[in-house]
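Q: What follows is each chain in one-letter form.
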Amino acid sequence: MTVEVLLQAAVSGLLMGFVYALIAAGLSLIFGLMEIVNFAHGEFLMLAMYTAFWSWALWRLDPLLSLPLSAAVLFLLGVLTYKGVIRWILEAPMLAQIFATFGLAVFLRSLAQFLWGVDFRLIQDPLVKGRVSLAGLYIGLPQLMASLACLAAFGFLYWFITRTETGLALQATAQDRQAASLMGIDTERMFALGWGIGAGCVGVAGSLLTTFFYIFPDVGGTFALLAYVAVALGGFGNVPATLAGGITVGLVEVLGGLLIAPAFKYAIVFLLYLVVVLWRPQGLFGKF
Amino acid sequence: MARPARGTTVRWLAASALLAALLAFPFVFTRPFPRHVMISIFLYAMLAQAWNILAGYCGQISLGHAVFFGIGAYTSTLLVRHAALTPWLGMLAGAAVAGLVSQAIGFPVFRLRGHYFAIATIAVGEIVQTLFINWDWAGGARGLFVPLQRPDRFVHFQFHESKQNYYFVSLAFLALALGLARLLERSRAGYYFRAIREDQEAAASLGVDVTRYKQLAMGISAMLTALGGSFYAQYILFIDPESVFPLSLSILICLIAVLGGVGTLWGPLLGAAVLVPLSEGTRVLLGGGGKALDLLIYGGLIVVIAVVQPGGLIALLRRPWGRTS
Numbered sequence: 004m005t006v007e008v009l010l011q012a013a014v015s016g017l018l019m020g021f022v023y024a025l026i027a028a029g030l031s032l033i034f035g036l037m038e039i040v041n042f043a044h045g046e047f048l049m050l051a052m053y054t055a056f057w058s059w060a061l062w063r064l065d066p067l068l069s070l071p072l073s074a075a076v077l078f079l080l081g082v083l084t085y086k087g088v089i090r091w092i093l094e095a096p097m098l099a100q101i102f103a104t105f106g107l108a109v110f111l112r113s114l115a116q117f118l119w120g121v122d123f124r125l126i127q128d129p130l131v132k133g134r135v136s137l138a139g140l141y142i143g144l145p146q147l148m149a150s151l152a153c154l155a156a157f158g159f160l161y162w163f164i165t166r167t168e169t170g171l172a173l174q175a176t177a178q179d180r181q182a183a184s185l186m187g188i189d190t191e192r193m194f195a196l197g198w199g200i201g202a203g204c205v206g207v208a209g210s211l212l213t214t215f216f217y218i219f220p221d222v223g224g225t226f227a228l229l230a231y232v233a234v235a236l237g238g239f240g241n242v243p244a245t246l247a248g249g250i251t252v253g254l255v256e257v258l259g260g261l262l263i264a265p266a267f268k269y270a271i272v273f274l275l276y277l278v279v280v281l282w283r284p285q286g287l288f289g290k291f
Numbered sequence: 006m007a008r009p010a011r012g013t014t015v016r017w018l019a020a021s022a023l024l025a026a027l028l029a030f031p032f033v034f035t036r037p038f039p040r041h042v043m044i045s046i047f048l049y050a051m052l053a054q055a056w057n058i059l060a061g062y063c064g065q066i067s068l069g070h071a072v073f074f075g076i077g078a079y080t081s082t083l084l085v086r087h088a089a090l091t092p093w094l095g096m097l098a099g100a101a102v103a104g105l106v107s108q109a110i111g112f113p114v115f116r117l118r119g120h121y122f123a124i125a126t127i128a129v130g131e132i133v134q135t136l137f138i139n140w141d142w143a144g145g146a147r148g149l150f151v152p153l154q155r156p157d158r159f160v161h162f163q164f165h166e167s168k169q170n171y172y173f174v175s176l177a178f179l180a181l182a183l184g185l186a187r188l189l190e191r192s193r194a195g196y197y198f199r200a201i202r203e204d205q206e207a208a209a210s211l212g213v214d215v216t217r218y219k220q221l222a223m224g225i226s227a228m229l230t231a232l233g234g235s236f237y238a239q240y241i242l243f244i245d246p247e248s249v250f251p252l253s254l255s256i257l258i259c260l261i262a263v264l265g266g267v268g269t270l271w272g273p274l275l276g277a278a279v280l281v282p283l284s285e286g287t288r289v290l291l292g293g294g295g296k297a298l299d300l301l302i303y304g305g306l307i308v309v310i311a312v313v314q315p316g317g318l319i320a321l322l323r324r325p326w327g328r329t330s
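Sequence lines, in order, name chains A and B.
The numbering used here numbers the first residue of the first sequence as 4 and each following residue consecutively.
The numbering used here numbers the first residue of the second sequence as 6 and each following residue consecutively.
Excised from the complex, chain A in its bound form (with noise of 0.2 Å):
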């Protein structure tokens, strides 16, 4: 084995990694808000994908195009979740609150099942495509558009939580509820807005998968299953460390492909997972 495959192989995963980072960001941003996990996290994503898919077949457009669109959708279809759904279970036992999100998981998964078939598709011919070579390594083009866009919106997010008045009321109330209620925020819109934006995320990312991935009822369950990896490495609710935790799933999944079996690529991301959880049970940059 050569430098340049594991060079080659290590800028595969380091695309990837930003993609899993922005979708992780949603899931760790609504478990920060109020410690709730979405297990819908990855039908979210399959229905971003079918947004840009549908766009595409009905009008033509690009998912480049369409990314406006798809996000916008599941910033609604998160708000939606959160006045429909999570707020009548804020106070609910952990166990109703993993199956409200489970059974949202189960319904939209067989709605996209019962409305478009199993059957993969595919966006053909999308505007990026083909792919360059940059001193002897490859890079394929919509990959690294989806990665770029993926870390532009990765970097949005964080300046829109950390700087805008709008995000520090998030954050205070990600802190702590009644004292911000105190203050004067409306916790209840910032827990909607907390659920549009998270669903927000996964609606830039799926748009942006689309352009070198199929498209499917079932698709969103690795890359939750790998989200889910990726916030818990960095540690849930801690929204920058998303971004440690999917670049390092990103290179341990196809290096971990590489050098020991392609087969095994994502129990060897469980198996590091778990290892790190057990040497540190609140993630890499968690606070328990």
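Because the hints were derived from the structure by calculation, they are not lab data.
Think of the CB as a built atom: it goes at the ideal place given N, C-alpha and C, for glycine as much as any other residue.
Keep in mind that a hint or two might mislead.
[To be verified] Derived EDC-like pairs (lysine to aspartate or glutamate); straight-line CA-CA distance at most 20 Å:
(1) Lys132(A) with Asp65(A)
(2) Lys268(A) with Asp141(B)
(3) Lys86(A) with Asp189(A)
(4) Lys268(A) with Glu247(B)
[Said to hold, decoys possible] Short derived list, chain B residues pointing at chain A, Cβ under 10 Å:
(5) Pro113
(6) Leu117
(7) Thr135
(8) Leu260
(9) Ala297
(10) Gly305
(11) Ile307
(12) Val309
Starting from the known structure of chain A, fit chain B onto it as the hints suggest.
A: Frame of chain A, contents of chain B only:
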């Protein structure tokens, strides 16, 4: 204090009537389909009760129970194929292996709490599934057939000619799971389980060996689940990693318990009695065809139950009698 006594009598009568009806069922309904539905109810109720012992009573929400189901299915099937061992013993071997594996898994994951624990159990499930997909001796991704024995013989655990014996075996398994849960409810271990569920620190400070009792709950739960897996393999006669180790199975098992009522004796049975016929019925009536209408309905149902009645269906039944426990 007169009311509980009357309640007890009513419950005894109801339980006896239910048992009589269940014993009479296969003699009234002789066609394969109703028997199949009942067998599925018993199997899933048993699995949900097994999960309930760990998650409902002890508060450790495992989302990886398919691991133990699959181990049960594979151990008994591999022993039939490679050692011609009767599944009656194979299932005990499967339970033993699942028990050992559960202790090995529990040792690290019980250090985790809440969502970290739940996601760790998913991770374990995915790892084990990957191992079996790539394990050629165990059939790999292609799976394994259980050799068909003709004619049906008790020693081979095959009763395909009428399904009747499958009915009684699965009913017995369910009775075993319910009996164990009932026993645990009244035992010292059961009280410790609930103490751990309510407040782990408080339990520990009162001298409960928290890790030991979590391991105990995990072991009992895993062994019961493995028995269910062995039964499934003998009933369906084909297993592969996709059908016995998937995350969706782990989730289905908990959904049933949650739907019925977590941490209660009759909840898992109630959940299975509602969900399994719903699933089988929609499958038959509306046609499969990959339309997933059954899943659509019960996904929605789970959301509604979780939001409106987190205590499960059993909480709805209890209200009229004014029982609160």
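Q: Taking the closest Cβ pair, is Leu117(B) under 10 Å from chain A?
A: OK, holds: Leu117(B) within 10 Å of chain A, min 5 Å.
Q: Given Ile307(B) was flagged as interface, is its beta-carbon under 10 Å from a beta-carbon of chain A?
A: holds (3 Å)
Q: Does the nearest C-beta of chain A fall within a distance shorter than 10 Å of the C-beta of Leu260(B)?
A: OK, holds: Leu260(B) within 10 Å of chain A, min 7 Å.
Q: Holds or violated: Lys86(A) and Asp189(A), Cα atoms, limit 20 Å.
A: Holds, at roughly 15 Å.
Q: The hint names Thr135(B) as touching chain A; please verify it with the least Cβ-Cβ distance against 10 Å.
A: Since chain A brings a Cβ to about 4 Å from Thr135(B), closer than 10 Å, the hint holds.
Q: Assess, step by step, whether the Cα of Lys268(A) is no farther than 20 Å from the Cα of Glu247(B), and give holds or violated.
A: holds (18 Å)
Q: At a threshold of 10 Å, is the proposed contact between Gly305(B) and chain A supported by beta-carbon distances?
A: holds (5 Å)
Q: Should the hint that Pro113(B) touches chain A count as held when the rule is a Cβ pair under 10 Å?
A: holds (5 Å)
Q: Holds or violated: is the Cβ of Val309(B) closer than 10 Å to a Cβ in chain A?
A: Nearest chain A Cβ about 8 Å off; hint holds.
Q: Taken at face value, is the distance from the CA of Asp141(B) to the CA of Lys268(A) at most 20 Å?
A: Given that 20 Å is the threshold and the Cα spacing comes to 18 Å, the pair holds.
Q: For the pair we were handed, Lys132(A) and Asp65(A), check the Cα-Cα distance against 20 Å.
A: holds (12 Å)
Q: With chain A as the partner, please determine if Ala297(B) meets the hint condition of a C-beta pair closer than 10 Å.
A: holds (4 Å)
Of the numbered hints given earlier, the model fails none.
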